Amino acid sequence: MKKLLLTLVGAGALLGAVYASASPEDDRVATVNYYKHKFPDVKFKDYIYGSLALDADAKAQYDSIMEFPPFETVVEQGKKMWETPFKNGKKYADCFANGGKGAAAMYPMFDDKKGEVVIFDEALNACRVANGEQPYDVGDAKTMGVLLSYARTLSDGYKVNTKINGAAAVAAYEDGKKTFYSRAGQLNFSCANCHQVDAGVRLRSELLSPHLGHTTHWPVFRGGDNLVTLQNRYVGCHKTVRHVPDKPGSVRYKNLEYFESYISNGLEMHASVFRK
Amino acid sequence: MKRTPITLGATLLGALFLYATPVLADEAKKEETGKDIAFNKSKGNCLACHAMPGVADDQQPGNSGPPLIAMKDRFPDKKVLRAKIWDATASNPGSYMPPMGKHKILSEQEIDKVVDFVYGL
Chain C
5 MKKLLLTLVG AGALLGAVYA SASPEDDRVA TVNYYKHKFP DVKFKDYIYG
55 SLALDADAKA QYDSIMEFPP FETVVEQGKK MWETPFKNGK KYADCFANGG
105 KGAAAMYPMF DDKKGEVVIF DEALNACRVA NGEQPYDVGD AKTMGVLLSY
155 ARTLSDGYKV NTKINGAAAV AAYEDGKKTF YSRAGQLNFS CANCHQVDAG
205 VRLRSELLSP HLGHTTHWPV FRGGDNLVTL QNRYVGCHKT VRHVPDKPGS
255 VRYKNLEYFE SYISNGLEMH ASVFRK
Chain V
16 MKRTPITLGA TLLGALFLYA TPVLADEAKK EETGKDIAFN KSKGNCLACH
66 AMPGVADDQQ PGNSGPPLIA MKDRFPDKKV LRAKIWDATA SNPGSYMPPM
116 GKHKILSEQE IDKVVDFVYG L
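These protein sequence lines map, in sequence, to chains C and V.
Just so it is clear: in the first sequence, position 163 is 167 by my numbering, and no numbers are missing.
Just so it is clear: in the second sequence, position 97 is 112 by my numbering, and no numbers are missing.
For the record, the hints were derived by calculation from the structure and aren't laboratory data.
These numbers come from a predicted model, not from an experiment.
Glycine is no exception: its CB is placed at the ideal position from the N, C-alpha and C atoms.
You may find that some hints are simply not true.
Claimed, not checked - Partial list, computed: chain C residues near chain V (C-beta under 7 Å): (1) N135; (2) V205; (3) R208.
Claimed, not checked - With a straight-line cut-off of 25 Å between C-alpha atoms, the simulated DSS-like cross-links for lysine-lysine are: (4) C/K280 / V/K58; (5) C/K63 / C/K40; (6) C/K40 / C/K146; (7) C/K182 / C/K118; (8) C/K243 / V/K87; (9) C/K243 / V/K94; (10) C/K182 / V/K117; (11) V/K56 / C/K280.
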């Protein structure tokens with residue numbers, strides 16, 4: 005009996021060790037090492053460029069487009085939204101430390117009171133509501149998207165700093181991780197199939213991006229003028245694999261953003277960029 | 016007989032129908048080939064992941080899956096190839112080739128056509 009108990013305790017300790025080895029930080033380090041091995045020539049800091057980091061010609065094209073971004077007027081419009089006072093005279097900058105500089109790099113964060121992940125989009129909405137304004141639809145590119153296209157640039161150069169503290173936060177991260185690794189849709193793909201195992205592989209002419217750095221540069225302007233936020237991109241991914249998409253800002257998509265952001269910790273933010 | 020513009024219009028319209036109907040019927044009859052299905056992005060979309068080195072117009076193929084070549088040597092039993100296309104995860108759970116038959120991405124007849132086409136590569 006004593007022996008059995010000892011065995012059980014031993015097994016428990018072992019399970020604990022296995023669980024501990026799969027902590028978010030261990031996942032992050034394992035991911036960075038995975039890509040170091042997979043793409044030895046790609047510098048860690050360049051993972052913010054997605055598949056461009058793996059294609060020098062496409063990166064050169066991107067660099068030349070980014071000298072005079074065709075979407076600059078949209079970001080200007082977002083700046084105007086950011087700087088225009090609410091009816092009560094307050095501004096978005098009043099809702100965040102440092103006037104919003106570096107704020108987006110802290111999101112998503114886990115809100116213990118709400119018991120769920122809060123994304124930067126929702127923090128902007130909370131600011132609106134606290135100042136007597138209606139919240140925007142998180143999926144609406146014309147309002148939330150344009151606002152984000154400027155608000156997130158206030159974190160350019162700041163490093164992704166996603167924090168996971170406490171069991172509930174870990175559970176949200178684990179849920180996002182589960183979404184990332186689960187097969188979905190009629191085409192039966194997981195995010196990981198294409199954006200981890202097959203990162204750097206071509207689907208027809210499209211080069212698949214690594215998931216490390218996935219959250220650092222949103223919104224993107226696809227083709228130079230089509231503003232796409234990260235939450236809207238998740239909708240697009242689900243549609244591509246023929247899975248019924250959630251609404252942008254669903255708990256599932258927020259947890260996925262939480263997972264991908266944590267994995268990207270330490271990379272520099274660089275919002276509002278061109279993508280093909 | 017002097018034709019009014021209306022009768023002239025009706026005659027022309029009639030002529031148009033006589034001309035157009037057989038063309039439409041032809042298009043309806045024209046069946047999709049196995050190659051059409053394999054190339055079609057919303058159907059088989061095989062090219063997304065597989066090159067077909069033996070096919071002249073395999074434009075910009077992907078490289079996620081192995082090139083489709085020497086298929087008769089690789090699959091002496093055609094049924095094995097069909098099973099692979101129907102549900103690749105049955106023989107290899109790690110495969111992420113979309114299960115064309117199991118998930119009804121293609122109909123059974125479409126799969127037959129694709130199998131015939133791929134088997135000839």
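These are the hints, each one checked on the structure:
| no. | hint | result |
| --- | --- | --- |
| 1 | N135 | violated, 46 Å |
| 2 | V205 | holds, 5 Å |
| 3 | R208 | holds, 5 Å |
| 4 | C/K280 / V/K58 | holds, 24 Å |
| 5 | C/K63 / C/K40 | holds, 20 Å |
| 6 | C/K40 / C/K146 | violated, 38 Å |
| 7 | C/K182 / C/K118 | holds, 21 Å |
| 8 | C/K243 / V/K87 | violated, 35 Å |
| 9 | C/K243 / V/K94 | violated, 32 Å |
| 10 | C/K182 / V/K117 | holds, 23 Å |
| 11 | V/K56 / C/K280 | holds, 19 Å |
Checked against the numbered hints listed earlier, the structure breaks hints 1, 6, 8 and 9; every other hint is satisfied.
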